[in-house]
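*Asks:* One-letter residues, chain by chain:
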Amino acid sequence: MSTLEAGDLKSARTRLLVAPKLMRRLHRRLGTTGMAAAGFVLLVAIAAVLAPLVAPYRPNTEDFLAVNATPSGAHLLGTDELGRDMLSRLIWGARTSLLGPAIVVGVATGIAVPLAAISAWFGGTVDLVISRVLDLIFAFPGLLLAILVVALYGPGLLPCAIALAIAYMPLIARVVRSGLMRERNKAYVSALDVQGVSAFAACARHLVPNVSSIIWAQVTVSFGYALVDLAALSFLGLNIQPPTADWGVMVNNETALLDGHPLQVLYPCLVIVLCVTSIAYIGNRLAGDEQGARR
Amino acid sequence: MTPIPEAPRDREDLAVVAQSLRKSFDTQRRRQGQPALLAVDDVSFAIARGGSLGIVGESGSGKTTIARMLTGLVRPSGGTIAVAGRDRSHPARGSAERRRRGHELQMVFQDPYTSLDPRQRVVGCLDEALRLHTELGSKDRVERIRELLEHVGLDERHARSLPRELSGGQRQRVAIARALAGAPVVIVLDEAVSALDVSIQAQVLNLLNRLRAETGVAYVFISHNLAVVRQVCDDVLVLQHGRVVESGAVDEVLDRPQHEYTRRLLASIPTVGWDPHSVSGRADVTSRIS
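In the order they appear, the protein sequences are chains A and B.
Note that the working numbering has the first sequence beginning at 1, numbered continuously upward.
Note that the working numbering has the second sequence beginning at 296, numbered continuously upward.
Treat the hints with care, as some may be off.
Computed, partial: chain B to chain A, Cβ under 10 Å [unchecked claim]:
#, residue
1, Thr366
2, Gly380
3, Asp382
4, Ser390
5, Gly397
6, Val403
7, Gln405
8, His428
9, Leu431
10, Gly432
11, Ile564
Simulated from the structure, these hints should not be mistaken for lab results.
In this text, a Cβ means the ideal position worked out from N, Cα and C, and glycines have one as well.
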């Protein structure tokens, strides 16, 4: 009989968890609640991507024999007034409901970070001008801007997302700028300057990576806000149009409420609340870590 | 002490020539109706290639401002600076010019804890400097990094480390290796050993002396510590309120100080039986109280 060695334990544990080191690091960053939140968001994201495989029905398959059905084996969450499977609509709806915020955050961050870098690197008049322009955009309410854009270009996901991206951009830029300003005053940046490293290389390779946790916190928090705002725009009929499955569209179902089927509205509400709370929690943990590190 | 030549732009044999350097930080004070604050007032010096000039003085005497003007981090209000026979009184035009200036003059900062990018490993830090200032291929750069680390007394184990995994002395060695990477004409060391404890200080000073002998690089060594300056420098410049009060060969100035201020600086080096009241000028007050 062979003796047990420490290495065996380690390999056994490695086999249990795919990447124990990564998991441990994530756990340190997010805590147990944060891990659960991240797990939930990941689950929803995977379901969204694999919607054709995991959803039991197509989102718009109507079954007139089971209209407004209560939850059963055939329809786990029941059906709506046209006999469409609620669970399938929720899963398919996750696609547009998550794609929208992703566009908003991607575009907003893509504009905000370079602007913040230019502002922080050159300072002085450049910083002043950029900051005032950001204040100007910031003063304009995001939803109002979205309504304006929809009035010009017609309803749809892209006009809404772009409008919200413009509205979100100043907030992200401001926070990132203040982080970069702090970084700019450190001696290593002067060292890069003395070396003759170009402004672009210094920002792209050194300054921005050093504030990545601030950026990630902003991205996460903004994603949550964008999800709610886009759902609100869907609810107002400016974003995704019925019959396309979308959480905001599903919430806007007054016939279900009047006919006494509140569950049909409650499900999408619940999914939105859970998603946004999870994302907001992760964002706060990331932002809190940043503050903790500064102390 | 190296004499200051008439036409500094022709003198490529001199590492640094500074003539009548002035810097005033006046915007805020002038707005309040006060006279401008002269941080540096009419300072001139020259350093031969491979030479070493110490600049000493108390806090606020303008030492660091001179260092920052030499590196181009601060723009002089007046006077000229030439490094390796090329003028750098004005901000660099274009990236090639910036890179060339970085190639000629490097700097080691006071605080080794903030002067390295916290996310960059030692090997990346040195590689970045080499890629900027040399045309070496990747194989040659690895060889050169190994050589640089050996030069500053670090071994290859440290190459993969992040700055936070290194001690203050080791970090300062990395900063020195980075400064040496492009084989510059001058290195400006701004209080480069002040943040290190005494035994590490001695090691780094020995290292600096050896590197100067081996590579022929010139130093501008800025410090408030006269004992340290004596170890590393040939010449010394004593600054008070932005003006040069005394200059000359280091032994000359430190052994036979002519100016009252230099004597006070020398008297403020703590030794056995040292009495702080002898320097502070308030000895009479304290004695009267007691």
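*Asks:* Look at each hint and say if it fits the structure.
*Replies:* Against the structure, the hints:
no., hint, verdict
1, Thr366, "holds, 5 Å"
2, Gly380, "violated, 18 Å"
3, Asp382, "violated, 16 Å"
4, Ser390, "holds, 5 Å"
5, Gly397, "holds, 3 Å"
6, Val403, "holds, 9 Å"
7, Gln405, "holds, 8 Å"
8, His428, "holds, 8 Å"
9, Leu431, "violated, 16 Å"
10, Gly432, "violated, 20 Å"
11, Ile564, "violated, 27 Å"
Violated hints, listed in ascending order, are 2, 3, 9, 10 and 11; each of the other numbered hints is respected by the structure.
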